[in-house]
Amino acid sequence: MITTTRAASLAAWTLAALTASVIAIASSPTQAPAGEPEPRPRRGGQEIHFNNGAEPESLDPHKVTGVPEHRIFLGILEGLTSPDPETLKPLPGVAKSWEVSADGLTYTFHINENAKWSNGDPVTAHDFEWSWKRSLSPEIASQYAYMLYPVKGAEAYNTAKAADRPARRDELGVKAIDDATLVVTLENPTAYFLSLLFHYTSFPVHRKTVETHGDAWTRAENFVGNGAYKLSEWNRRENIVLTPNEHYWDAKTCKLQRIVIYPIDNHETAYQKFLNGELDWISDIPATKIDEIKRHPDFGVSAYLGSYFYRINTTKPPLDDFNVRLALNLAVNRKELCENVTKAGEIPAEGYVPPGIPGYDGVSVLSYDPVRAKKLLADAGYPDGKGFPEITLLYNTHESHKKVAEVVQQMWRETLGIKVALENTEWKVYLDRTDEKDYWIVRAGWIGDYLDPMTFLDMWVKDGGNNNTGWSHPRYDELVGLAMAETDSAKRTKLLLELETLLCEKGLPIVPVYYYVNKWMISPEIQGVHPNILDTHPWKYVYVEEE
Amino acid sequence: MLRYILRRLLGLPVVLLILVTITFFLARVAPGGPFSADKNVPPEIKANIEAKYHLDKPLHVQYGRYLRDVVTRGDLGPSFKHKDQTVNEIIERGLPVSFQLGFLAAIFAVTFGVSAGVIASIRQNSWFDYGSMSVAVLGMTIPNFVVGPILVLLFARYWKVFNVAGWEELKDMVLPAITLGLPFAARIARLTRAGMLEIVGQDFIRTARAKGLAERVVIVRHALKGGLLPVVSFLGPGLSYMMVGSLVVERIFRIPGLGQEFIESALNRDYTLVNGTVLVYGVILVVMNLIVDVVYGYLDPRIRYD
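As you go down the protein sequences, you meet chains A and B in turn.
Note that this note's numbering has the first sequence beginning at 1, numbered continuously upward.
Note that this note's numbering has the second sequence beginning at 1, numbered continuously upward.
So that you can see chain A by itself, here it is in the shape it has in the complex (with noise of 0.2 Å):
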């Protein structure tokens, strides 16, 4: 009977805890910190843990195309030229030096001789050679081989068949003249070549360990990179260790000796464990969030290259009107959208291409003009939205887009008397359906792959595999033809802006939203994380701030 009785007293004990606790909690102040957010304990020594959002795919830099593969490879690999941590300029990667011919076509880039990779073997401009032709054969089909296309023969190549595949292969414009000189011969003169080459399409990979390893080769027993970091473990969906590379050529400039890289994909959870100490950076946030976390001193937020927007399907009236796209356009009101919905400081899209691009300033057409926008849509034949058949709205499912559809319906309804109904689909079917134009209006977004307009501007070409909309304008594919070939920079610019133009003040086969910003918090003891467009942060300028 003792033991019972113990049993009943400790059940009873657990039982009035927790009573105990879920009152605390209820009554507890967190839910309004008004002063001071608690303290974070602080791991000391240079190690850092960092939430990177999602499990890599894998890490053969050939075969990928996320955000969280590129986090890792910053680490762990590196281009002919890395990217400057605050302005994105191109600096020396691989490549210690380059020139590039007067015509804009041939680059001759000269291999830095103290390159290494983290097996000690030197890098060289045959690696190149042989990982660019990787990258693009068939065989490896990788699903952003394009962002090579720039190269001479390169869409020849990669999208050749069998029997001509091994000619395009010897045509490709890469040579590797000798160990410490490679030569690029392009397309059309690339005004934005160099800062493709800090994309992990055209990273090297080391010949003898694919060869040897095939699909496995980059698991952490056998992985060789080039980069400050090496890859020491890969604990499929729990972490990624990196630890300082000794045979990398700058390495006097890496501090960190630890890197800690989770795939936690619940924002909630890393923001949690942000708030008690295991991790000290997060590369974004629980959006429901946002009030909170606006407070918190170690919350930043910048602009990011990405553009949200509503395709329209410009094949299925009324939607064929452009007045009607127009009006569309002109009745969201974005900038209360922006200040009231999505909080976090995403700036109104008032054209398409985000703005901080070096160079180009963009346009800026669709403000908010409900008079205009009625008018337009009377002209187009229904006053007041008189005779307007029901339309549908779809986007993936998920919070925050929904928050936005349901604003954008409201403003739709009391701006132009238009019903719009409201559907959400799991992403790979809304996937499909936005390939098939089997929709009305469809959420969109894009991020830009490198550091230029056309990335924003090329998609919308007719019949452009990112079109989706029916759309296409002839002078419009006639500009992008143009602006490609172009080497005076100051006259693609213009030629660039006249396409932005056209988009958004002829074409409109969509409803710019907002452009996305890039939301992170961090320790402020790290140092060496610069804001900047790409969200790009090379992990050998990261470093921690000792006591």
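Don't read these hints as lab results, they were simulated from the structure.
Cβ atoms here follow ideal geometry from the backbone N, Cα and C, with glycine treated the same way.
Check each hint, because a few of them may be wrong.
Claimed, not checked - Pairs of lysine-lysine residues, derived as DSS-like cross-links and limited to a Cα-Cα distance of at most 25 Å, are as follows: (1) A/Lys-494 to A/Lys-89; (2) B/Lys-160 to A/Lys-289; (3) A/Lys-462 to B/Lys-39; (4) A/Lys-374 to A/Lys-428; (5) A/Lys-133 to B/Lys-171; (6) A/Lys-133 to B/Lys-83.
Said to hold, decoys possible - Between beta-carbon pairs, the in silico distance windows are: (7) B/Leu-26 to A/Glu-221: 44 to 54 Å; (8) A/Asn-340 to B/Ile-150: 29 to 39 Å; (9) A/Asn-340 to B/Leu-67: 54 to 64 Å; (10) A/Asp-291 to B/Arg-28: 43 to 53 Å; (11) A/Lys-161 to B/Leu-9: 30 to 40 Å; (12) A/Thr-212 to B/Ile-5: 27 to 37 Å; (13) A/Glu-221 to B/Val-287: 49 to 59 Å; (14) B/Pro-31 to A/Lys-316: 43 to 53 Å; (15) A/Lys-491 to B/Pro-31: 41 to 51 Å; (16) A/His-398 to B/Asn-125: 27 to 37 Å; (17) B/Val-287 to A/Ala-251: 48 to 58 Å.
What the hints assert, rightly or not - Here are some of the chain B residues that sit facing chain A, going by a computed Cβ distance under 8 Å: (18) Ser-36; (19) Val-41; (20) Ile-49; (21) Lys-57; (22) Pro-58; (23) Arg-93; (24) Pro-96; (25) Gln-260.
With chain A's structure known, arrange chain B on it following the hints.
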């Protein structure tokens, strides 16, 4: 008994074949594919990708090929999403973690459930009885995606006893095991109490008491075996659910088990991984049920399998 087990085991391949076939075709019927993404690639590249994974072949050829690889070599194919891993490797890594979590949850559920149930039945209508049974009802009805975060808030954020999430230290297993085990502990407590109450009213217990045996001996040696019968029949589905059904708990606590792979493979249309995880879950469910049937026959003298 042996014949019965053999017969059941012989049925296993048939069940699994049906399961694999249905899963294979259902996954393919779902809209979207493993390689659809928000940035479209040129059609030639898409064709190359599909050729690489044999998705360009007719469906029945793909099915035949898949079945052949599974049956002859136990090869569940490459994952479409995790490009440097095979499905076999993912399962080999994830399953032990899920098992570990399920096992701990089961221990927690049985220990807590049985003790609470026994005590409640001994002290029927006492405050402990009412209290623990009310908590049990709560435990069964509150879903674990509510219990988990509450435990995190209490034990990780306020008292800082445990980490918020992760699977790195031993103590990281405590909160997930409790979260996963709680509804089962509650069910077990109620079943134990009911079973015990039924048994202690029976003649042989009165006889035992009349012999002058200590109450502890009466309960542990005589009543418990019969009183736990309903618990055992519940443990079959219960255990297999704890082993494989930790999907939500794995997500809340960031545990690298098979449950996460299962959910994500469906969302990613990672066909081979969907098939592989469903197959593994199928085997576990069938085997667990068989084990329970066998144990039941041993505990209850009224049941005979022939």
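Going through the hints against the structure:
1. A/Lys-494 to A/Lys-89: 22 Å, holds
2. B/Lys-160 to A/Lys-289: 22 Å, holds
3. A/Lys-462 to B/Lys-39: With a Cα-Cα distance of about 16 Å, the restraint between A/Lys-462 and B/Lys-39 holds, given a limit of 25 Å.
4. A/Lys-374 to A/Lys-428: 36 Å, violated
5. A/Lys-133 to B/Lys-171: 49 Å, violated
6. A/Lys-133 to B/Lys-83: 20 Å, holds
7. B/Leu-26 to A/Glu-221: 44 to 54 Å: 37 Å, violated
8. A/Asn-340 to B/Ile-150: 29 to 39 Å: 31 Å, holds
9. A/Asn-340 to B/Leu-67: 54 to 64 Å: 56 Å, holds
10. A/Asp-291 to B/Arg-28: 43 to 53 Å: For B/Arg-28 against A/Asp-291, whose Cβ atoms are near 44 Å apart, the range 43 to 53 Å holds.
11. A/Lys-161 to B/Leu-9: 30 to 40 Å: For A/Lys-161 and B/Leu-9 the Cβ distance comes to about 51 Å; the hint is violated.
12. A/Thr-212 to B/Ile-5: 27 to 37 Å: 47 Å, violated
13. A/Glu-221 to B/Val-287: 49 to 59 Å: Since A/Glu-221 and B/Val-287 have Cβ atoms about 33 Å apart, the given range 49 to 59 Å is violated.
14. B/Pro-31 to A/Lys-316: 43 to 53 Å: 20 Å, violated
15. A/Lys-491 to B/Pro-31: 41 to 51 Å: Because 45 Å falls inside the window, the suggested range holds.
16. A/His-398 to B/Asn-125: 27 to 37 Å: 51 Å, violated
17. B/Val-287 to A/Ala-251: 48 to 58 Å: Because 54 Å falls inside the window, the suggested range holds.
18. Ser-36: 5 Å, holds
19. Val-41: Check passed: Cβ of B/Val-41 comes within 5 Å of chain A, closer than 8 Å.
20. Ile-49: It holds, given that the least Cβ distance between B/Ile-49 and chain A is near 4 Å, below 8 Å.
21. Lys-57: Since the shortest Cβ distance to chain A is 16 Å, the answer is violated.
22. Pro-58: 20 Å, violated
23. Arg-93: 6 Å, holds
24. Pro-96: Violated. Min distance 13 Å.
25. Gln-260: 7 Å, holds
This entry does not satisfy hints 4, 5, 7, 11, 12, 13, 14, 16, 21, 22 and 24, going by the numbered hints stated previously.
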